[in-house]
Amino acid sequence: MPRPLLEIQNVTMKFGNLVANDDVSFSVNEGEIVSLIGPNGAGKTTLFNCISGFYKPVSGKIIFDGKDITGKSTHEITLLGLTRTFQIVKPLKEMTVKENVLTGAFLHAKNKKEAEQIAQKVLQTTHLWEKKDMLAGSLTIADKKRLEIARMLATRPRMMMLDEAMAGLNRTEVKEAMELCLMLNRDGITLLIVEHVMEAIMPISNRVVVLSAGKKIAEGSPEQIINNEEVIKAYLGERYYAKSRQANSRI
Amino acid sequence: MAMKNRLLYVISVVALVLPFIFRNVNFQHIMIMLLIFAGLGESWNIITGFAGQTSFGHAAFFGIGAYTSTILFYKFGISPWVGMLLGALFAAVVSAIVSYPCFRLKGHYFAVATLAVAEIIKQLFVSWDYVEGATGISIPVKPDSFWMMQFHRSKIPYFLIAYVLFIVSVVIAVLIERNKMGYYLKAIRESHEAAEALGINTTRYKLYAMIVSSAVTAMFGTLYAQYILYIDPFMVFGLDISMKIVLLTVLGGLGTVYGPIIGSAILIPLSEYTRAFLGGTGKGIDLMIYGALIVIVACFEPRGVFGLFQRSKKRGAQYAKTTA
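Going down the list, the sequences are from chains A and B. Using the working numbering, count along the first sequence one by one with no gaps and you end on 282. Using the working numbering, count along the second sequence one by one with no gaps and you end on 325.
Since the hints were made in silico from the structure, they are not lab data. Computed from a predicted model, the values in this text were never measured in an experiment. Any given hint could be a false lead.
As a list, the in silico BS3-like pairs of lysine-lysine whose alpha-carbon atoms are at most 27 Å apart [unchecked claim]:
1. B:K314 / A:K163
2. B:K107 / A:K121
3. B:K143 / B:K156
4. A:K87 / A:K141
Based on the provided sequences and hints, a complete structural model is requested.
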């Protein structure tokens, strides 16, 4: 039985009367790649914000590595080894790529020299070494997303949450991003990925959790999810679901 | 990096030698003011240039430094050197208490809050009888003495104290910029959320920056009071002090160690000479010229004069590349 690293227990988040997350529970085991999918407005990013300490959930608990992190501040959670990237990238624009990564590396480094060594290693593994002296603001969107991951990697996390790290990328870039995810996972980092690019995450995920309108509607292996009726309904709507049933029965 | 260092050494040596070459009293006065304001700019730059938290209220800390040493000397005869250290400590405590709640505010709201706090502190001193209120305090004149920080025969000792404080402020700025704290402060400036996600306790680091910044500012306040030998709340808590610090740093280059030095080297001679030439009627003309300069620089190079230098350097490098 693998040990759960992150446990989300009955998390509910409300903004006024709007219920963004409704009693969501699932867990991520150590070493897994779990994907969180769902139509727009399903509450995926809100859940990320709750886990990473940007929001305090109205009710429910979030346990990381056996510790209750509900309502803790973001920097404390990062210090424990759980970190995230942002859907809308937030590069430290006026700083170079290397300085961006170095900023993350200081977290567990005893001195600047050690931080620079960590930064160098991270830059090399993420293939950003050639661009280390460029200003982060001048990178392409694919490289900015890569930089988001790189500087988080420099904080030496045990688990990373990637918020749409592949959105807006072309096919080659998506493939590179997939490879990066697999490489991180091989290095022992547990991943929770929010993504819309299905063909990218289905092959690399161990498990998939589906949110719709704030509720968890399905959880299972990628194959189970692809064939799950609830999921197809949520994505395509009832009418199209019925049509696809007709089409299937004809075949 | 080494190149950058060398330029700093050159600047500090030139600044040190100049008043000994040009022994004109007026020139020495300008050098003293130049170093004081360059140092104030350096310390303001820590919280605003590096950490991105715009403070329009640094006169509050300048005034606290000036008043702490002056009161201690005037009422109890305690050396201004002790007053300088206590003033720095006091300013640090006040800045921590005041800015902790203010840090909940972001962007413009923080800037407005600092402005309001400085004005409140000024009003407190205006109506506080124990510190002579709006009349101000004339510091009792004593014979020349290092311990009492009073020199009447020559301006050179004042210059040397200003120089040492200036060097201290530059060294602090350089040390912060090149180490963890500088990276953290700049990360906070660039994106609050990203900084938090990188494990940075943003409130704590902003607080550190504010404490260092206000303590150094207060030390210059003490020196200023001892140099002018008279203070009142309008002079040391006034908005013009805050604005001068802001303007010269922005003109020189926000968030760089060179910015405040360049800005001060432009503004202070300008302001002192226009005052000398135009007498009483010239009050404010320096700021008008300065305002015009700021508008021009902000339109063409928002990173200030230092940004202009960098741009021309980059262009030179590109030119060298294309012709090679």
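**Q.** Contradicted hints - numbers only
**A.** Going through the list in order, the structure violates hint 4 alone and respects the others.
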